[in-house]
Every structure is written in C-alpha cells, then in structure tokens.
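Assemble chain P onto chain U, guided by the hints.
Each chain is listed here by its residues.
Protein chains: 2
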Amino acid sequence: MAIPHMTPSEFRKRGREVIDWIADYMERIEGYPVLSTVKPGDIRAMLPEHPPTTGEEFDDVIADLDRIVMPGITHWQSPGFHAFFNANASGPAILGDLVSSGLGVQGMLWITSPACTELETHVMDWLVEMLDLPPAFLSSGAGGGVIQDSASSATLTAVIAAREAATLGTANRTGTAGGLIAYTSTQAHSSVEKGIRIAGIGIDNLRSIEVDAAFAMRPVALEKAIEKDLAAGRRPFFVCATVGSTSSTAIDPVREIGEICRRHGIWLHVDAALAGTAALLPEMRWIHDGVELADSYVFNPHKWMLTNFDCTAFFVADRTPLIGALSVLPEYLRNEASASGAVIDYRDWQIPLGRRFRALKLWFVIRHYGVGGLQAFVREHLRLTKLFASWVDADDDFELAAPAPVNLVCFRHSGGDDVNQRILEQVNQSGEIYLNHTKLDAKLTIRMSIGQTHTEERHVRKAWELIRKASA
Amino acid sequence: MAIPHMTPSEFRKRGREVIDWIADYMERIEGYPVLSTVKPGDIRAMLPEHPPTTGEEFDDVIADLDRIVMPGITHWQSPGFHAFFNANASGPAILGDLVSSGLGVQGMLWITSPACTELETHVMDWLVEMLDLPPAFLSSGAGGGVIQDSASSATLTAVIAAREAATLGTANRTGTAGGLIAYTSTQAHSSVEKGIRIAGIGIDNLRSIEVDAAFAMRPVALEKAIEKDLAAGRRPFFVCATVGSTSSTAIDPVREIGEICRRHGIWLHVDAALAGTAALLPEMRWIHDGVELADSYVFNPHKWMLTNFDCTAFFVADRTPLIGALSVLPEYLRNEASASGAVIDYRDWQIPLGRRFRALKLWFVIRHYGVGGLQAFVREHLRLTKLFASWVDADDDFELAAPAPVNLVCFRHSGGDDVNQRILEQVNQSGEIYLNHTKLDAKLTIRMSIGQTHTEERHVRKAWELIRKASA
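Protein sequence lines correspond, in order, to chains U and P.
Heads up: the first sequence begins at 2 in this note's numbering, then just goes up one per residue.
Heads up: the second sequence begins at 2 in this note's numbering, then just goes up one per residue.
These aren't lab readings, by the way, just hints derived from the structure by calculation.
Accuracy of the hints is not assured; some may be wrong.
A pair holds if it fits inside one copy or across any two, identical chains being indistinguishable in the list.
With a straight-line cut-off of 25 Å between C-alpha atoms, the simulated SDA-like cross-links for lysine to any residue are [said to hold, decoys possible]:
| no. | residue 1 | residue 2 |
| --- | --- | --- |
| 1 | 14 | 293 |
| 2 | 14 | 29 |
| 3 | 470 | 390 |
| 4 | 14 | 66 |
| 5 | 14 | 25 |
| 6 | 40 | 337 |
| 7 | 14 | 71 |
| 8 | 14 | 28 |
This structure is a prediction, so every number in the text was calculated from the model and none was measured.
Chain U with its partners taken away, still in its complex shape (with noise of 0.2 Å):
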C-alpha cells in the first residue's frame, strides 16, 4: 500500500483552507454561545467508534470540526468570555506557532536547534527589559528565564529547585528529607499545593497563610508560623507569594514577604501568573514591589499577552539549583558544544525532556505589536475594569466583593448566594458572556475577567445590562 502523505502542494491548497476556515471564525465568533451547551456524551455519540481503516478525505474532517467539534466549544477567544483568568490570542502568535509546529524541531539541547535555544534566550531577556523585571534574571547573570508549559509546571520547577538549594542536593540523592516546609497564603493558586505533593513535601508541610482585609498574604503571620516551625526543629525552604490570586488578583506584599525570606535563608517564589503582564504598564509596576529579593517568579504571556497557550515565562535569579536539580546526562545526549558550558541547554531546566520552539510565538508577537501596542493593549483593559467597577460600585443591589487592582472583579448581589447562583446561571445560560465564580469571605463571588484580545467597552457594558437584567 502506498503511505498517502500529503504532498507540499496539497499542503499549500489545505493549508490555505484552514486559515481561511480560522479567518472565518474569528470573524464570526461573536455568533456562538460563549459556554458550549452540548451534554455530557453528546460530541463522542457523534464519533464513529472505530478508526478508518484507509484515509479520509481532507474536506471531510474540516466539515466534521464545524459539525462535531464547534457544538462542543466554549469560545475562549470570544470576546463575551470573561470566566476564569483568560486565555488570550492573535494573529501572529497563531502564525508563529504554525512556524514552529511546520519546522517541528526539537530544542531539548543547544544542538538540536541552536536557534530555538537562542531565541528564547533572547526573548526571555527582552521580558525582563519590558516588565522591568530585575537584572537578575537575565541571562547575562547568574540566573535567567525559560518558556515552559504552564505556571503549574514552573511553580513545581521552583520547589525542586528550592528544595535542592536547601538540601544541597540530599532530596535528589536520599529522597525528600523530612521536616522541610513550605508557605503560601489561603489564596494561592491551587498549583502550589499540586506541586508540594508532587515534589513528595506532603501538604501536611504546606502552611496556608492567613490573608488580610484585600485578600493579601499578611507577613506578620508568615513570619510567626517560620519562626514556629523553627523552633519544632523544621526546614521551613519555600514561600510561594502571589501577584494576583485567582480568585481576586489580591498582591501580596511581595518586599516584606521577601525580607523575611531572606532573614531566613527561604526561596521565594513569586506567581504572577496573570498580573505579570500589568507591568508593562510603568505605572502599574508598584505590583512587583520587592520582586528582587526573588529566586523565582512566573508569568504567563498565554493569558494577557496575547501570545496562545502555551506560553509562561520562568525566571530564576540563580541557575544553579534548577540545573542541579534537574539535570540528568546519559551518553545519547553528550555533544561537543554541551561540554563546552557556553550554551544552553533548556532540558535542564523543565520537568520534560523535548520542548517545542514556542520563542517564535512570542517573538512574532512582540514584533508585531511592539511594546508600545501591547502597553496600549493592557491598559485599555484595566480602564475597562475600573469601568465596571465603577458601575457596580454606584449600584445599591451589588457590591465589590474586593479591590480590583488589575483586570478582574470581584462582586455579588446583596440578595445572597441563591441570588448570585441564580444570577450566573442565567447569564451564562443567555450565550452571550461567560462568568466564573468563587468564595470571598465564604460568600459566592462573581468574578469578571475583562483580559480577552477582542473585548471593548460595548462588551464590557452588555455584560453588566445581562448581569443587572438577571439581577431584576
């Protein structure tokens, strides 16, 4: 039998299909309901049970995505979706990822691409110029900073290299000593717990800090649970404060946390997952105050930065212990340039071995927009917030449920949380926005995250009239 590859000139004709069925996607998002509406089984009883046994016509599978597929989306680059913390794209960051799927190289060494490696590197180091990042995470210094899968993958990242700095290498070896414990407030995201289990710590050994009136880590309690654990005769190695919570982009107040970090010898790690991208705004960059007595800090630019998942940026202000932690060196990986030390190798530096080359998303991106199209971007998202804000503060039926310092907020009806349920279910069942939910002073919280590439004032405000209508 033949092998039907698809031929560069069949690749041409279909490709130009699939952007064009995207193009018309795009221009048409608006037309679906925000939050999929399909059951449990209804997408897999649409799909024959077994695979075809000969090859399937191209056109066949792309009329399948709009008759199987599409009913089972929830549209997150509608600009009616403001649930979770977005999950931004655009155009060029979906055309440099095509880049990288077409090149399909591997940059797990310098020498399987040297360009994959030294792009990265080099965006990496732009990121930290635009963010005003400190100069410790450059790649010229100690330290530096990688594009890994996610936020939880380098939060994982930041306990194994924590955790080697504090043992000196005794985890790697004999296994995860006893007795070391870690800090994070009640308000973190739940990837901090993920990877104290993962990492083998035991959530036992995870202290949740008690957090004050705007959702903040408070480093009175922080410190006073360090100082307690000390004097049990336990390794207190590793805080995780947030710059932006999930539930309400409460900042923790990163300088006080990192002082007492540093009276204690402790790695701090600091989640901006979201918030991170606020601070290509100067006057917003009061968010990361302190964030230089870090040793590791994440950001996503595949929330708010327009550039698709997966995309997060890891930095640490010291390579050492990542690389230590991490790295494993059988004889099919040695190479001349490797041995040399004067290159990167970026599987030191990740949980897995392959990587894909996700820089040329985040290049094409930076290029396109340049610094100043994306500042104007996240600003006109965080006027759109203060908006909002602004009308659920002057309506008697709802209140603010917290500060709204970035792109998210956080709000209920007076009536209750059979009110505020009935509110959500409601709105979302209308299609036309969808909205998330969480627990603020174990009241239920609605939350609307205003972060999407195509969101403009006219959304912002027909979110509020199907809130207020729902509300009536």
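Just chain P, lined up with the frame of chain U:
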C-alpha cells in the same frame, strides 16, 4: 495609541504567506545541512538588543525567519535526520495543530470545552484498538488514556500515581514516605531518574537492574533486588520496563517483569515511547507481550506516528490513584458537570492545569492516513532498518552492536572509538545526514534511527555510502 490587532482579513493574507513559507520549506528541505553549523552566540548576535517600541511589518518578521532563524535550525524534518529518535510531523498534524491554536481553548475541565475532552478520550480509545492494547486502558472501564506533552512527564505522573497507590495517600499528606524503592534497567531512559528525583524518592532509591546481552532487563536480577529490599524492610513500589530503549531499542521482557510485579504488588509502568507505534502492525505486537500486566503505559505519537510534538499517549489501567494523587479542587474550578461525576476533567490526569486541544492533530492524522496508511508507513521503516542492518552485517569493517528489532540500527566500525568518533564527525559535517552515538558494552556506538516522515530507501542508501566513505 490604537491597538494594532491583526484583523481577520489580514490574518487570512498573512496566514497564506506562512502556509506557503512552510510548503516551500517542505520542498527545499533536502537542500539544507541537517545539523546546524552555527557557533554558540551566532543567532543572538543577529537579534536586536531591545524589543521594538512600535510594531514591525509582518514582511520583516517573515524575512528574518530566513535570515536569522533558519541558519540555526537542525532539520528534524529532513529525511537525512537519523539522530536520537525522530520526532516526525506531517501535513495533517500541522494543520490540526493550527486549528487548535486558532480555537485557543483550554481543556482543563470538561466544561471549559467539552469537545476538547471528549475527542481526546475518543482518540485515546482508538489508539487502544489500533495498537491492540489491553481493554483496561479503555475509558469504558476503570482506566483510560490522556494526551500529555512528553514521555518524561508521563513517567513522572506514573511515579506519582504509584506512590499514591503504595502509600494510600500518605505521600500526598505527609511527604514521600521513606523506604519506597523503584526499579528500572541500566538502559532505561533518563526520564525515569528525573521523575524519581522530582517525586522526592531520591536516586539512591532507584535500582538499576542489569541487562542481558541484548540490553534487555534480566527479570531474575529484578526479583533478586526486590527480595533484598523487602528483606531490608524497604517498600518496592514502582518498576519501569522499557519497550524500545533509547540507546538500542532493547525490549524488556514485560510479561516476566509484570508477573514479578503482580506477585509483589508493585506498580508496573511500561515506557514504549518510541517503539509503541510499531504495534500498529500485527506482526510487531510481540513487543507488548505481557502489557496487560501493566498499571500504566506510554508511547509518543510525536516520535514515529506523524503527529508533531507534543503528543504523548499515556494510559492507566485504574484512574483512581492517578486522580487521587493529582486532584486539587479550589472553588473557582467547581462546576455542576464535574460534580456530577459524568465527565472527565483531564487537569487531574497531568502535572499542569491548562491544556491545549491536542487531540485535534491526532484525529487529523488518523483520519488522513487511515490505520492502513499508518501501518504502511511504519512497515516501510522496518524494512529499511532491516536493509541497513544487512549492509552493516555484510561489511567486514563494521559490526552490529545490538539487535535491531524496531527502527534503529546500532553499529560500529571495528577500528575502535576514535575511528567511530571520526566517522560521526565527518558524516555530520557533510550536512547530508545527522547521526548521534551511544555507548554499548562501553564502546562508542553509532545510532542510525530510521523514522522521519520522508525517509526513503535512497536516503538510507546515501547514509550508508557516506558512512563507508568516512571510514575509508
């Protein structure tokens, strides 16, 4: 400042240009030196020190792909790429991935795009059928499959699930309990050691079991090691068997290893990252003999099944310990569908929270090629491997260094390490092919991997001619 978003119509235009650029690349690929010839720093030296303030022309970005990026590419998609294991791609995979980027959905929960979850479950079930894997791996039973980024992550996930199963959740709560012992062969992939480190088990607690003359794990040695550890009061909890080792595609005797694991209640993970794809062919299914005894199994469609990176297929026979180990449920992820238990939330099956719609590219590949087309593809590579091995075998100056059961030939010149090193350097410098090395029986050994999408007999023949010429 206006935000310079790329409009759908501009995306249409630029998208076509990028598709054409990739199609041109496909047509020209044999004209490039396979292994990049740049020196460390060459690529960075061509990049501007600072990011642009205002957006640049897309034409300039594309032009820089040719000017800056291409010299630093090692061409994994060249038919002359025979190093490591291949990471092959195909037109339908690239286009499926493009659709995924265009939709830009997050599949972390069923509700965040039901099609992303259900199509994934469906094609994972298809793979079970296609490779004739045990029914326990089907989603209809207690187990199921998930797409992860890499076999390294899957093996780490297996370690975490095994740890959960062995400690009944204690590891999650109090940290990795002392005394846990893992086992793999001396020929196992470096990701086993990396996973054991990350999970806090410690490499002192990973036993490297000796291999036989064909570099396959010796079950007798495994059982002896287990009994020794049991006698010392330790807790054997995890065995990783390899089907197709990275050095030489050695096939561990999974059935005998599995029976030992069953007797002692130890989790068996099977790493078939490269070789699993061979089981598309009925005549190759012997490599999986005994895999019904495995608790988890991984293979990479992104290596040899035409689905570009990243696409790792990970299966478990029982999903309970997996989810028990990895599920964390904060308020903002709660939803009715998840609470009903009627849906899969794949975030609990992996290290990260976020996830791309990776099932699309696999679906595109299976539908485009059909099972028969994929079989023909793999069968041809097996034929070429046998052919190449027969040339080596028939040449008095060369010898086979290991059996070649799948698509890798390990061989060496009889002149010793220096001669083999010189051969490697010379053929790699030729630009026509790229090979790498390993050590077997402490001798430098050349690895010839035959798995690139467009590798035909003429390429393999040319490679052998270059090798012979370099040895003269």
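Hint-by-hint comparison with the structure:
Taking identical chains as interchangeable, the C-alpha atoms of residue 14 and residue 293 are never at most 25 Å apart, the minima being 51 Å within one chain and 43 Å between chains. For the homomeric pair residue 14 and residue 29, the shortest alpha-carbon distances inside one copy (23 Å) and between copies (18 Å) are both at most 25 Å. Taking the shortest Cα distances, residue 470 and residue 390 sit within 25 Å of each other inside one copy (17 Å), while across copies they are farther apart (74 Å). Taking the closest pair of Cα atoms, residue 14 and residue 66 come within 25 Å of each other both inside a single copy (18 Å) and across two copies (22 Å).
In the homo-oligomer, the alpha carbons of residue 14 and residue 25 lie at most 25 Å apart both inside one protomer (17 Å) and across protomers (13 Å), since each shortest distance falls under that limit. Proximity of residue 40 to residue 337 under the C-alpha cut-off of 25 Å is restricted to the inter-copy arrangement: shortest distance 11 Å between copies versus 55 Å within a copy. For the homomeric pair residue 14 and residue 71, the shortest alpha-carbon distances inside one copy (23 Å) and between copies (24 Å) are both at most 25 Å. For the identical chains of this complex, residue 14 and residue 28 are neighbours both inside a copy (21 Å) and across copies (14 Å), given an alpha-carbon limit of 25 Å.
Hint 1 from the earlier list is the only one contradicted by this structure; the remaining hints agree with it.
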